[in-house]
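Could you build the full structure based on these sequences and the hints that come with them?
Each chain is listed here by its residues.
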Amino acid sequence: MKFSSRTFGLGLLLVALAAFPLVAPLFGLDFYIGFVRRVLIVALAAASLNFILGFGGMVALGHAGFIGMGAYTVVALSDAGVMSAWILWPLAALVAGVVAALIGTVALRTRGVYFIMTTLAFAQMLYFVVVSLRKYGGDDGYTLMSRPALLPGLDLGNESTFYWVVLVVVALALWWLHRATQARFGHALMGIRDNETRMRALGYPVFRLQLVAFAISGAIAGLAGALLAGGNGFVSPATMHWTQSATLVVMVVIGGLGRSWGGPVGAVVWLVLEEALKQHTEHWHMPLGLLLIAVALWAPRGLAALSTKRRTAAAAAAVTPQGAAGSAKP
Amino acid sequence: MSGILVLEQLLNGIGYGLMLFLLAAGLTLVFGIMDVLNLAHGSLFMAGAYVAAEAHTRTGSFAAAIVVAVLVTVVVALLIEVLLMRRLYKRDHLAQVLATFGVILVADDIVKMIWGPSPIMAPTPAALSGPVELMDGLPYPSYRLVILAGGVLMALALYVLVNHTRIGMRVRAGASDRPMAELMGVRVGRIFNGVFLLGAALAALAGALMGPIVAVQVGMGEAILIPALVVLVIGGIGSVRGAFVAALLVGVVDTIGRAFVPMLLRATLPPATAADLGPLFAEVAMYALMVVVLIFRPSGLFSARA
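Heads up: the sequence lines are chains A and B, in that order.
Note that our numbering has the first sequence beginning at 128, numbered continuously upward.
Note that our numbering has the second sequence beginning at 13, numbered continuously upward.
No lab work stands behind these hints, which were simulated from the structure alone.
Computed Cβ-Cβ distance ranges for the label pairs, DEER-style: (1) B:Met133 with A:Glu409: 21 to 27 Å; (2) A:Arg311 with B:Ser130: 54 to 60 Å; (3) B:Val164 with A:Phe162: 50 to 56 Å.
No experiment lies behind these values; they were computed from the predicted model shown.
A virtual CB, placed ideally from N, CA and C, is assigned to each residue, including glycine.
Laid out in structure tokens, this is it:
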């Protein structure tokens, strides 16, 4: 009964996450409510990147741009006096999705390293657009006056309440993304990743499928950006710097490319390590860098794949003489 | 008056372009021959700048500083090559991005440990600190002339090396079709080691030369890496000639954009809008150029594999 044990584990994780704001104050860990909330949001952003990177095989190096689009949509609307989360969050996702679709129409015509560079170039352009928006603080960033309003009687200014709202939104979005990868659409996407020529020959509209996936991924990143903006109460262009995009790619690869838990696992590992190292040393970049090199050399399919690798290796050893296949050169 | 200004900015742009070329030449050859995307190339540039600044302060000799910077950086590159890059040749681009991004993080922290987090001063050589009257009414900093001369000299040397020597022929063969070159008896692996170290030396030279006119600080490698990658893509992977043309193009477009677009906008738009849009156009010009080139030439201007 694999299904029920998996569901049970998920349920347990959800309950634990939901109970965290109630338990944390007992141990004086109030500070970590905000931290876990941020991890949840980044996990969603990483999962959205994994959707195109892992499942779609599109190495996009500009994902922070879409997070920024979502965050700055919230900034622009809040500046204009819109406070309702029902307007802020969907619009943030919509704007980021539309921007992603526009970028995708150009970028998806290129392949390989040219695709990496085109997505990077567009993200850089978005970055400089935001830097030049003096109305919203330019380089210095913009401080949001208050948290958005969701329902009457629900005070999102309360850390725990906002945490729970984020948890619900992130869980729903992750579940929806997971469903999308299980659906025909997701399988077509993986087919394109594995053999584009064959999928084209089979009559699949390769460009359109990839574009839709790219736009969906951008939209969900935008939603993550909106949640991030709401939680921090502050948005700055630094959110959109290219190293942030690279960090997201790193998280996905660490977690496991094209695995349903790859994005979240990577985000948790990366952010927890970063937080833990920051408390001990000023030089926390170096251990993380060494970890990256180690993962690239010895666990190229990511941490989420390690357990499966052992399982499939055992199974493969039992059935065929060949072990699990490594990553092929694109 | 305005013609002089244009000329001055043009010279600045060419100088910047030549420095970009020194970086992009190494990148494009490493990429072209071994299909390795090395994000840590910018870190070698940073290493060159820091070591040169340190050596210059200690010895007081700019020439010695450059030599020391190049040598130290080549040794560092040799370590990176032996310990890491060799294992990455056969891997996909993603593993290379991951590992070399890791190198960036490590390199930044090492620099922070040695020189501290704040920018350091890279002195301009005393003999070159004054301006030179290039023509009537155009005084030009003599140090920038040195950069121009150094860049042109290195570009010429590379041109001769790549296009008119036996080694260069093998390098080009490896870049345009590696399996074929190997079958014809070229030891591409060994050629690559040389190219990687040459690329590191050029990056260090660019860092040492740029040090006195930019801020020598942690993160300078990442900041110049992106323009260098843009040059690589515009020029076409594996082509030194492409990198040269693209580097000058990007250098001039970037500098001219910074200098003149805000001026033009101020003349035509209300001041507030112009102040907002000016820097934007200047920063975006390079990327827009790349996207336009890729739309019409999807593998760059002079791709070696075309």
